[in-house]
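Can you build the whole structure from these sequences, using the hints too?
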Amino acid sequence: MYKGREGQWAFLLHRLSGIAILAYLLIHVFSIGSFIFGERFYMAIHETYDWPIFRIGLVFITAGVVYHAFNGLRIIVMDFTGAGVAYQRQMWYAVMALTVISGLYAAWTLLPRLLGGY
Amino acid sequence: MIRARTFIDAKQQSHSNAELNWWIFMRISGLILVFLVLGHIYMTFIQVSESDATFTAVVGKLANPAWKFYDWLILALALMHGTNGARYSIEDYIRTRPNRAWVKGVFYTVVALVFAFGTIGLFSI
Chain P
3 MYKGREGQWA FLLHRLSGIA ILAYLLIHVF SIGSFIFGER FYMAIHETYD
53 WPIFRIGLVF ITAGVVYHAF NGLRIIVMDF TGAGVAYQRQ MWYAVMALTV
103 ISGLYAAWTL LPRLLGGY
Chain V
91 MIRARTFIDA KQQSHSNAEL NWWIFMRISG LILVFLVLGH IYMTFIQVSE
141 SDATFTAVVG KLANPAWKFY DWLILALALM HGTNGARYSI EDYIRTRPNR
191 AWVKGVFYTV VALVFAFGTI GLFSI
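First to last, the protein sequences are chains P and V.
Counting from 3, one number per residue, gives the positions in the first sequence under this note's numbering.
Counting from 91, one number per residue, gives the positions in the second sequence under this note's numbering.
Hints listed in this document are in silico derivations from the structure and should not be mistaken for laboratory results.
Predicted, not measured: the structure shown is a model, and the values here were computed from it.
Heads up, a few of these hints could be off.
Stated by the list, open to error - Label-pair restraints from in silico Cβ distances:
id	chain 1	residue 1	chain 2	residue 2	range
1	V	Tyr178	P	Thr50	26 to 34 Å
2	V	Thr186	P	Ala46	37 to 45 Å
3	V	Gln103	P	Glu49	53 to 61 Å
4	V	Val193	P	Ser33	35 to 43 Å
By construction, the Cβ of each residue, glycine as well, lies at the ideal position given by its N, Cα and C atoms.
See the structure below:
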């Protein structure tokens, strides 16, 4: 890390969210795909995921995917348009706003399920 | 090898356009994945409870060819996009050639196994 400004944080967060999403995806494919080992095996994993820590983790994965998706769009706009480079900082704040809003929205959706045990 | 200082030198030293092709792939697959993955999260986490993804529900859903195709498209595109993205990080942060070789070897093997597992799962029902 050098003392960069918003662009540097955008880059770092893009990498970190990307790696987190990839790690999630590999585990997700295994746990959903495990239905081929039968109902008991699948449900054992599924019931473990009912622990609050895993369910709260989904909120962070959602926020991570939203960040990665919209920052990726920002990168594409920067690659192909001059205005994209000129306004990259403003676009990054818009991406961060979307990330926070969707993270809060996901948490808001999850909360009653978590408290209600559903 | 002499370090390439000009575009012409670099072009003569490279054997293929692989990096350019991956660069294009990252943008195209990213654009498609925005819709596929955000849609997937919306439909399976926001709209319904994650607790609903029981064995019966998942097997019932994936028996539908449309979902099979949707999910397999995510699986293939996201794994390629993610593996290439992680390759960028590996090449940036792992400093010696032997370390890069074995880290990549193990990493690509794990991804290939997960891809095969997911594909077999999807098309076995």
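Each hint, compared with the structure:
1. V:Tyr178 <-> P:Thr50: 26 to 34 Å: holds, 33 Å
2. V:Thr186 <-> P:Ala46: 37 to 45 Å: holds, 41 Å
3. V:Gln103 <-> P:Glu49: 53 to 61 Å: Holds - the Cβ-Cβ distance for glutamine 103 (chain V) and glutamate 49 (chain P), about 55 Å, lies within 53 to 61 Å.
4. V:Val193 <-> P:Ser33: 35 to 43 Å: violated, 25 Å
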